[in-house]
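What follows is the residue order along each chain.
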Amino acid sequence: MEQEIKSKGFRANISKLSITFILVLYTIFTLGPILWVLTMSLKSTVDIRKSPYTIPLNPRWSNYYDVWVKSNYSRYFVNSALVVGLSVIVLILVASMAAYCFAKLPFKGSNVVFMVIFTTIMLPSQVILIPLFQLLVKYGLNNSLVGLGLVYVAVQLPMSVYILRSFFAQIPKELSEASRIDGCSEWGIFWKIMFPIATPAISTVLIVSFINLWNEFLFAVIFIQNDSKRTLPLGVMKFVGDVYEDLGRTAAGLIISIIPVIILYILFSDKFIKGMSDGAVKG
Amino acid sequence: MSSISSISPAKKHKNKLSDILISKKFTYSKAIILFLTPALLFYAVFILYPVIESIYYSFCKVEVFGVNAKAQFIGLKNYIDVFNDKVFWKAAANTLIWAFSSPFLEIPLGLLLALTLKKGTNITKFLRVVWFTPVLMPQIVVGIIWAWIYNSEWGLLNEVLSKLGLGVLQTAWLGTPATALPSLIVVTTWMWTGFNMVILLAAVSAIPNELLESAHIDGAKSYQVLYKIIIPMIKPVLANLMILCFIGKMKVFDLIWATTLGGPMWSTETVATYTVKRAFYWSTFEKGYPSAIASMWFYLILIISIAMTAAFNRKEKLEY
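Heads up: the protein sequence lines correspond to chains Y and E, in order.
Take 2 as the starting number for the first sequence in the numbering used here and just add one per residue.
Take 3 as the starting number for the second sequence in the numbering used here and just add one per residue.
Some hints could be false.
[Said to hold, decoys possible] With a Cα cut of at most 35 angstroms, we get these calculated DSBU-like pairs of lysine-lysine: (1) E/Lys237 x E/Lys120; (2) E/Lys127 x Y/Lys139; (3) Y/Lys275 x E/Lys165; (4) Y/Lys193 x Y/Lys275.
Derived by calculation from the structure, the hints in this document are not laboratory data.
Work out the full structure, taking the sequences as your base and the hints as a guide.
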């Protein structure tokens, strides 16, 4: 009996140990590469080549200054912030209105229209790339952040409408009916009552589309040609493939491009995780 | 007097009601138009029209001169050409390998991590946050970081191998056709395992504890609990993640653009990169052929996703 307990305890210890081992190993696997790049961003290329894995004792902050000022990253950052920020605002207004309509103002064929929109979630971007490019060229929106922003709103629309619709569908009828009897118009009901209630779903859409668009590359690389109009993911690619690739500065650029998301993530990690999981599983 | 007073309120009431009905119907349809038009406009112009045009282009020879495109109907010729295109088959094989192997890497690994994290403590919360981080990074950035890790001269992986005494295994990971694709599959696994873990953790935590405990008391082994209780109970979530992972990998583009550009010798070419190359980077001005590749891939994703959904649903019905 005693022996049995002992062996059980021993076994429990082993399993605890192996679990800890897995946890530590996977954490190193996840964080290691990011921390490595962080150290690289504070070294010169010569140092990186000589000793790639040391901690920079004399951090070379000038990498960040050079990238931000000389390599035009400040411009890319502002471009990204503008195009993503405005797209997300327009997206939320447009998507929440449509989602409310699909959920609460049904009409003949509304389900079919919704299903058609929903199916495009599976659409690979390259299917619409060629006609979109021609369309933008035709109307002078090629090589413009406005054109890129319009496309961004459209591509995020199906997923956003889907998330918001399922939220609006859960709101009890009585709520809008009461205000309808009080003489409130549909327009008023939506903006005064429904839109504020939908804040949790809206923040999910906000987070998911912000991340998707902040990281978007394919449309940007095809639609934007001028250096002054590049977004951050395009700026990051600037040095890549260059024979004299400046490793330290490239690393600094990478860190700059992920800093906004990481800061927001540290502040609102629970919301981010919930938003991303909801968005993906529902989408 | 009394008769008048008794009629008029009713009449009044009737009038009012019909007024309300008319105005309500009017405002109802007006509201629908008001609410739906912006979204439908965005959708029609930037998604529906391009999709239809792309499918139309796939049956045409399309030549682009500046702003104007001249499309000449040629039937199925593009599709036949695609079938005879060796590079396309290579790209399709690479993409399918990716799309069918990733779910079996990311999801089991995610489940393993979720099970180790199941007992909620402070460290659990911290690790959940840490492991989720790679999903938030742009694929371009992830690609550049991993290109450095795989670098043959000073890369992290070769360094670790030599420290472990496995120096023989050192190679140019992304420069060798045999290792390039598997190396990139590892990268997407790095990116997405944490994400799968978080969703599976939520699903596993929803399983009532009594169920697992009673199974243990009945003498069930851990792996039996896993196969007989945990997996059946989270099946819908697993199915969802499978489809999600599959669709995601069918579209891989950025990561390759940041690392190998499809090389060496097409070994990491995907359908997405090949389409974009044919459409915008090869000096042909013909857009019908890339449209055919892209459309075909879209049909395939749709068919496989629908089939997977149907298969998962059928299995569930059989079991319950």
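Quick rundown of the hints versus the structure:
1. Pair hint lysine 237 of chain E plus lysine 120 of chain E holds up; C-alpha atoms about 17 angstroms apart against a cutoff of 35 angstroms.
2. At most 35 angstroms may separate the alpha-carbon atoms for a hinted pair to count; lysine 127 of chain E and lysine 139 of chain Y exceed this at roughly 51 angstroms.
3. Restraint check: the Cα-Cα separation between lysine 275 of chain Y and lysine 165 of chain E comes to about 40 angstroms, which exceeds 35 angstroms; the hinted pair is violated.
4. Of the pairs offered as hints, the one joining lysine 193 of chain Y and lysine 275 of chain Y holds, with about 26 angstroms between alpha carbons and a cut-off of 35 angstroms not exceeded.
Violated hints for the displayed structure, listed by number in ascending order: 2, 3.
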